[in-house]
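Enquirer: Each chain is listed here by its residues.
There are 2 protein chains.
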Amino acid sequence: MELKEIEIFAPATIANISCGFDVMGCCLDAIGDIMILRKTQEKGIRISKIIGGELPMDPEQNVAGVAIIALLKACEVQPDFGFDIEIHKKIKPGSGIGSSAASAAGAVFAANELLGRPFTKHQLIPFAAEGERAACGSPIADNVAPALLGGFTLVKSTDPIKVIELPSIKGLYATIIHPQIEIKTSLSRDILPQNISLNNAVKQWANVGAFVHALHMNDHELFADSLKDYIVEPHRSKLIPKFNEVIKASVGAGALGGGISGSGPSIFTFSKDIHIAKNVDHAINEVYSKTEIPFYLYTSRINDKGVKILKQQ
Amino acid sequence: MELKEIEIFAPATIANISCGFDVMGCCLDAIGDIMILRKTQEKGIRISKIIGGELPMDPEQNVAGVAIIALLKACEVQPDFGFDIEIHKKIKPGSGIGSSAASAAGAVFAANELLGRPFTKHQLIPFAAEGERAACGSPIADNVAPALLGGFTLVKSTDPIKVIELPSIKGLYATIIHPQIEIKTSLSRDILPQNISLNNAVKQWANVGAFVHALHMNDHELFADSLKDYIVEPHRSKLIPKFNEVIKASVGAGALGGGISGSGPSIFTFSKDIHIAKNVDHAINEVYSKTEIPFYLYTSRINDKGVKILKQQ
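As they're listed, the protein sequences go chains A and B. Under UniProt numbering, the residue at position 165 of the first sequence is numbered 165, and the numbers go up by one with no gaps. Under UniProt numbering, the residue at position 250 of the second sequence is numbered 250, and the numbers go up by one with no gaps.
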């Protein structure tokens, strides 16, 4: 039976992950958008509904539309149908947990299914990255890759995009706070130095190597010890109220460590299991409840599958 | 029976390994020094013989002596005997394949055996690094770690020294050319920029992560693709005649890739097996035979044990 409609879960993601600025990411499970894609008789792409976010309805302006346009450009034969897209945004735009990446990854995943799966998940990454270009100016892959592939990913190179799937630490949970403040991605970028000391760079890549090794060895201690960022965090953490207090309280409650999710303002922490992750949630809640800043708190296991099909007909 | 004398093989090592500047290293098998350590009635350290190198006989000036002094300082109980050291240098000082590291690592390994093995190999690394301080001004571990532990190693941090043992690509061989030119370590250091672009740093640590993953997955293609150096090689390769030609000829002969060994002038290449490694040896020989520069060429499998005991009584 030919597929007519598909409903998918497009997960939130953590990019950067301390030492892995611009290259590492991981996929979440408890936070994500719902997207419904339907085949239409009329060709072309139409975004018929967006709930939960003020986002462009024009497919050429919307990351989901742009990503599907990129995918269609790569198809040898154009489909004899069009796409209707319905997006239920649960991930707040500007949160730092891959809101635009979820839309882009979800859109190409669902469109690929409706097309009879001409592309592998890895092949979908550059199309989703084109969606990211519409949101942030460059075709970055560090959120769309884990959103599509699940687990931990490493963007080995960007031109061409090459992504490595890393193993996950078993049973790992993330606790994430999203403070309701706006940090423009452009400001997050501008605050970074264009040049860094070779000394700090060496420390950083030692930790990247150690982090990848820790994932392979399922080594919690080394994983925790590698969650360090000598380059980006010292600058960007200034933009996030109570950043140091949140990390300190989280580690005090048993977290393995944490850092800035994406370009912020969300802060991620990792914990060995759900019980510790909930204690960490409680500890972060205590820190942030003392501020005037509204916030969301999420606890999620690492999603090792990426985008998931919820329904299809 | 109490050990009186030990003869060991102290291996040459490749440090830096392209993307892994200052953190990665690996151990060789076909090149190394021979060291004989004997217990003496007279306490203290005496270097009685050095063959094959113009090196200080004063133990406080010689890396082997300095390393053992550091080891003895850490012993709770001082031995009731002294050490006589005989060194047969096969690794030329200033070659870039860990000549001083072999002496330092071999010395602490052998002394530790004569002392009844109070320390693990990992615990010996900081003592050997103290020996390196005598040779190059700082207690670097990226050569002594693979010399002691074997295989591929990652210096995760330097203060305190923490070293990770990485898995090896199975069956891997190295072909190394040592051109007989002198490059002062200080010049090799001075030619490096103190600051680097964040862009290049990101590319570099993406490759470090990919390299560690490739070792775990025994992935030749990814291993080859990660052997890139955006930071150091562009500067240091200028000091090594025919560097680019050697790499090009090696890859043309089937090598997975290569780079500058340590701070040069040696150039290393890696090959999947001994047959390719010998073809690479031949290709490099062709390139360098056209110059006026005398050179040594070595082909060696990766040594996964590190320092080895040859004889003991």
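Accuracy of the hints is not assured; some may be wrong.
[Stated by the list, open to error] The calculated PhoX-like cross-link candidates involving lysine-lysine, where the alpha carbons are at most 20 Å apart (straight line), are:
id : chain 1 : residue 1 : chain 2 : residue 2
1  : A       : K162      : B       : K228
2  : A       : K203      : B       : K272
3  : A       : K203      : B       : K311
4  : B       : K311      : B       : K121
5  : B       : K162      : A       : K203
6  : A       : K162      : B       : K203
7  : B       : K162      : B       : K228
8  : A       : K228      : B       : K203
No lab work stands behind these hints, which were simulated from the structure alone. Only a predicted model underlies this, so the values are computations on that prediction, with no experimental measurement involved.
Enquirer: Would you mind marking each hint as holding or not holding in the structure?
Expert: Hint by hint, here is what the structure shows:
1. A:K162 with B:K228: holds (15 Å)
2. A:K203 with B:K272: violated (30 Å)
3. A:K203 with B:K311: Since the Cα atoms of A:K203 and B:K311 sit roughly 40 Å apart, the hinted pair is violated (cutoff 20 Å).
4. B:K311 with B:K121: It holds: about 19 Å lies between the C-alpha atoms, which stays within 20 Å.
5. B:K162 with A:K203: holds (12 Å)
6. A:K162 with B:K203: Holds - the C-alpha atoms of B:K203 and A:K162 are around 12 Å apart, at most 20 Å.
7. B:K162 with B:K228: violated (24 Å)
8. A:K228 with B:K203: Between A:K228 and B:K203 the Cα gap is close to 18 Å, so the pair holds against 20 Å.
When held up to the earlier numbered hints, the structure conflicts with 2, 3, 7 and fits the remainder.
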